[in-house]
Amino acid sequence: MNKTILIVDDSATVRVAVKMALKKDYEVVDANNGQDALNKIKTLTAKGTRLNLIITDINMPKMGGLEFIREVKKDRKLKFTPILVLTTESQGSMKAEGKKAGATGWLVKPFKPDQLQGIVKKVIK
Amino acid sequence: MPSDDSEMIEVFIGDATEQLEVLEAELLNLEDNPEDPETIKKIFRAVHTLKGSAGFVDFSDIEAFAHLYEELLSSIRDGKITINDDIMEALLTSKDIINAMINYRVGQSDYPDETKVEDMKEELKRLNSGSAEKDPEEEEEATTGGPKRELFKVAMNLRTDVFETGTDPLLLIDDLANHCKILDTTMVIKNVPVLTKINVFENYLSWNIIVECTKGREQIDDVFIFASMDNDIQIEKITDEDLSEMEDSKIGELLVQKGYIGEEEVEEAMEKHKKLGDDLVKEGKVTRKLVDSVAKRQEELRKVRRTSTLRIETDKLDRIIESVGEVVVVKSRIRELLERKGWLQLEEEATLTELDRYITQLQKDVMNTRMVPIKDTLLPFRRLVRDLSKKQGKEIEFEIKGEDTELDKTVTEKIKDPLKHMLRNSVDHGIETPEERIAAGKPKKGKLLLEASHQNGEVLIELTDDGKGIDPEKIKEKAVSKGLLEEDATLTREEALRMIFNPGFSTAKEVTDVSGRGVGMDVVMDNINTIQGDVEVHSEKGEGTEFTIHIPLTLAIIDGILVRVGTNKLIIPIQSVVSFQPLDPKSVHNVNNTTALSFRGGYIPVINLGEYMHYQAESNNMLVIVQSGNKYLALILDEVVGKYQIVIKSLEENFKKIKNFAGATVLGDGSVALILDVKTLLRNVKNVS
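For the protein sequence lines, the chains are D and B, in the order given. Converting from the first sequence to our numbering requires adding 1309 to each position, the first position being numbered 1. Converting from the second sequence to our numbering requires adding 21 to each position, the first position being numbered 1.
Hints listed in this document are in silico derivations from the structure and should not be mistaken for laboratory results. Cβ coordinates follow ideal geometry from the N, Cα and C atoms, glycine included. Treat each hint with caution, since some may be false.
As the list claims (entries may be wrong) - Computed list of lysine to aspartate or glutamate pairs in EDC-like fashion (alpha-carbon distance at most 16 Å, straight line):
hint: 1; chain 1: D; residue 1: K1383; chain 2: B; residue 2: D182
hint: 2; chain 1: B; residue 1: K437; chain 2: B; residue 2: E472
hint: 3; chain 1: D; residue 1: K1371; chain 2: B; residue 2: E59
hint: 4; chain 1: D; residue 1: K1409; chain 2: B; residue 2: D189
hint: 5; chain 1: D; residue 1: K1332; chain 2: B; residue 2: E427
hint: 6; chain 1: D; residue 1: K1332; chain 2: B; residue 2: D26
hint: 7; chain 1: B; residue 1: K142; chain 2: B; residue 2: D82
hint: 8; chain 1: B; residue 1: K146; chain 2: B; residue 2: D107
hint: 9; chain 1: D; residue 1: K1328; chain 2: B; residue 2: E28
hint: 10; chain 1: B; residue 1: K236; chain 2: B; residue 2: D196
hint: 11; chain 1: D; residue 1: K1349; chain 2: D; residue 2: D1334
hint: 12; chain 1: B; residue 1: K465; chain 2: B; residue 2: E564
hint: 13; chain 1: D; residue 1: K1421; chain 2: B; residue 2: D79
hint: 14; chain 1: B; residue 1: K385; chain 2: B; residue 2: E434
hint: 15; chain 1: D; residue 1: K1328; chain 2: B; residue 2: E31
hint: 16; chain 1: D; residue 1: K1351; chain 2: D; residue 2: D1384
hint: 17; chain 1: D; residue 1: K1328; chain 2: B; residue 2: D189
hint: 18; chain 1: D; residue 1: K1421; chain 2: B; residue 2: D196
hint: 19; chain 1: B; residue 1: K174; chain 2: B; residue 2: E239
hint: 20; chain 1: D; residue 1: K1386; chain 2: D; residue 2: D1334
hint: 21; chain 1: B; residue 1: K590; chain 2: B; residue 2: E639
hint: 22; chain 1: B; residue 1: K396; chain 2: B; residue 2: E434
hint: 23; chain 1: B; residue 1: K142; chain 2: B; residue 2: E92
hint: 24; chain 1: D; residue 1: K1409; chain 2: B; residue 2: D243
hint: 25; chain 1: B; residue 1: K430; chain 2: B; residue 2: D339
hint: 26; chain 1: B; residue 1: K169; chain 2: B; residue 2: D182
To be verified - Sample of chain D residues with no beta-carbon within 12 Å of chain B, all distances over it, derived:
hint: 27; residue: V1338
hint: 28; residue: L1387
hint: 29; residue: L1395
hint: 30; residue: V1417
Construct the entire structure; sequences and hints are all you get.
Written out as structure tokens, the structure reads:
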């Protein structure tokens, strides 16, 4: 079965970009913000789907990325799910914050499809 | 993959359009409330998201422009720049430029003028750097060479569950001490519960810390960058005077905070004092605007309903509506066939009735999916009114009410233009300049209210201003001078006001986008009429004008009565029908060379539909009285066949526009009936007084 990746971003453009880059090799699920993502995770867990990777933006309405990561880390089942943080250059310090919150790595927006594919391959083994 | 690219662009356009809508609404909020941090955050986020998205579709012009925009917003957000008129103007114009850049991509507009874009970029840079240059303390630092000393008050209000997120308040304070000199720390213990209720995993404390920094506010921001995401951390610059004042009031404050004074004492003391909010404002703990904006936001939050949604293309919905319409027609046809063959027995009848019930439910549900709040149509007008009034030096308080009122999507699209022109007229001609208003003894600021509501199965949109009103005498004079009215004509007040909707009354012949004088109200009326709507006007000279637009909830399915003239079948929309009765020849008279019917104590015009439409009529012994607004008309025809629910098919889309007909429909037997356009009929008929 394909591995499942969750992309959390309030920009539809980013969500579609990630989907397009990864849909060939992975099952990609998307969410608009942290809150929405937590709900999606709940539904997926109920269906027995395990997430293999979470990719999340930082600045989002309702629930931002850092809070979302911390919520995820509280869930024992998801504790070891790798998390990639999407940042822009103007948010340099956010990388550190993401790391602090429990993220595995980061990727600067905008990225090219092969960049994303590369880092995802590295993180998911 | 090119298909992926075009899909990405399509997604980006949708995404960007959404962000721009948010951006504009929030920018207008910001203008009303320039200190609200939430609004600034939302604006920043919209531009930030836009910039990020643009990068994915390689729209580097948008990305570059949004970058400068974001930089300025970030300075505003961080309190480095205070918003003024120049900045507000730049923020709004920048939004327009990005809007135009995006519209250009979808072929909806020309590319924004290059020099304008470059000028704006410079302006954004200038505004952003301007603040830094103006900062006197920074200059001081440059000249004296010594470190710049600044005082800050940090209010650290941590959440009860702050430990769960891995934040340790002590570490935060330590970290702060590493960067700045801590002058004073007050721990607020008023939220600590009684011992038995303390949960060791929860935090009940908050801190007020006074620090002295030499490297500016960013240092403090950095300490709290993590914690401030979900805790309330307020960093405020203070002066030496503030500090000494704080020392003075400190004893009382400490007593309260540390819990040495009980609730009763506090209340007692409060009564002697001014209100707490005022005190807080006075003490500089919070600003008045902040108190107000917090209250306002709470109200907004209550409004937010959480519903799960699904986006559907309008085309798909239209097809469903069309199919439901066809089902209605086929059902009528089955009934008719059964009846004709004599097979319509009790059981068949019951089954058909059941089918009817489901179809009605289905119809209702499908119609509901097309209902959208009028919000998206009305809210952009805030900008229009703001820009227009600025340009004309008028002061207008514009309010929109009932923005959650729902109506058919197609209807919302069609009322946008007429509404825009009516608003433009209200600003141009309705509301006076501040000087004129003061001279007339009115408040300097004019009021303009746009309110939508549901009433009796239709949607009402009322546009009210407290401007100079319309003078019926002037209208009459103008109508006479334009040859629209006989000099000795006697008109009621209402009739006179209605003259403004007459073609040829206003100077401008078409609806134009240029802010011109006298945008044709006849065009407005025409537009509203095409969606089966009507406009009423009331006005008091010197007091204001009120326009009421009546529009149907939906255009797709209407109730109508089917009438016959010879072999021709016509539908009259039921809301236009007043009554029908066999024709009594004695009731028809000749008044001023016009055929007229005595009706409710007066005379109304009569049309023989057969003659008028050049149909071969048979008996001409039926009379149907129809109404539009406050005008009546009697129609002579052969027969009233019955009441039908019909699906309107556009003549323009399927054939071409025909005068006097609002559309066509397919009847149960498969034949076509035209739908009478009562309003146009009435307009073309000579008045009988």
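Status of the hints after comparison with the structure:
Taking the CA atoms of D:K1383 and B:D182, the gap is near 13 Å; set against the 16 Å cutoff, the hint holds. About 14 Å separates the Cα atoms of B:K437 and B:E472, which keeps this hinted pair within 16 Å; it holds. For the hint pairing D:K1371 with B:E59, the CA-to-CA distance comes to about 12 Å; that is within 16 Å, so the pair holds. For the hint pairing D:K1409 with B:D189, the CA-to-CA distance comes to about 13 Å; that is within 16 Å, so the pair holds.
Pair hint D:K1332 plus B:E427 does not hold up; C-alpha atoms about 38 Å apart against a cutoff of 16 Å. With a CA separation close to 15 Å, the supplied pair D:K1332 and B:D26 stays within the 16 Å bound. Proposed proximity of B:K142 and B:D82 is supported: the alpha carbons are some 11 Å apart, at most 16 Å. In summary, the hint linking B:K146 to B:D107 is supported, as the alpha carbons are separated by about 13 Å, within the 16 Å threshold.
Simply put, D:K1328 and B:E28 have alpha-carbon atoms about 12 Å apart, close enough for the 16 Å limit, and the pair holds. At most 16 Å may separate the alpha-carbon atoms for a hinted pair to count; B:K236 and B:D196 meet this at roughly 15 Å. Taking the CA atoms of D:K1349 and D:D1334, the gap is near 21 Å; set against the 16 Å cutoff, the hint is violated. Between B:K465 and B:E564 the CA atoms are separated by roughly 14 Å; this keeps the pair inside 16 Å, and the hint holds.
Straight-line distance between C-alpha atoms of D:K1421 and B:D79 comes to about 11 Å, which keeps the hinted pair within the 16 Å bound. Of the pairs offered as hints, the one joining B:K385 and B:E434 is violated, with about 21 Å between alpha carbons and a cut-off of 16 Å exceeded. The suggested pairing of D:K1328 with B:E31 holds, with an alpha-carbon distance near 15 Å, which does not exceed 16 Å. A hinted pair counts as satisfied when its Cα atoms are at most 16 Å apart, and D:K1351 with D:D1384 qualifies at roughly 11 Å.
Distance hint between D:K1328 and B:D189 is unfulfilled; the C-alpha atoms sit about 38 Å from each other, more than 16 Å. A threshold of 16 Å between alpha carbons decides the hint, and for D:K1421 with B:D196 the separation of about 38 Å lies outside it, so the pair is violated. For the hint pairing B:K174 with B:E239, the CA-to-CA distance comes to about 14 Å; that is within 16 Å, so the pair holds. Under the criterion of a C-alpha separation no larger than 16 Å, the hint pairing D:K1386 with D:D1334 is inconsistent with the structure, at around 24 Å.
A distance of roughly 13 Å separates the Cα atoms of B:K590 and B:E639; the hinted pair therefore holds under the 16 Å criterion. For the hint linking B:K396 to B:E434, the alpha-carbon distance of about 12 Å falls within 16 Å, and the restraint holds. Distance check on the hinted pair: B:K142 and B:E92 sit about 11 Å apart at the alpha-carbon level, within 16 Å; holds. With a C-alpha separation of about 14 Å, the suggested pairing of D:K1409 with B:D243 holds against the 16 Å cut-off.
For the given pair, B:K430 sits about 10 Å from B:D339 by alpha-carbon distance, which is consistent with the 16 Å threshold. For the suggested pair B:K169 and B:D182, the alpha carbons sit about 37 Å apart, so the restraint of at most 16 Å is broken. Non-interface call for D:V1338 relative to chain B: holds, since the shortest CB-CB distance, roughly 16 Å, exceeds 12 Å. At the 12 Å boundary, the C-beta of D:L1387 stays outside the reach of chain B, the nearest C-beta of that chain being 15 Å off.
With a cut of 12 Å on Cβ distances, D:L1395 falls inside the contact zone with chain B, its closest approach being about 8 Å. Against the 12 Å criterion, D:V1417 falls within the reach of chain B, whose nearest CB is about 10 Å from its own CB.
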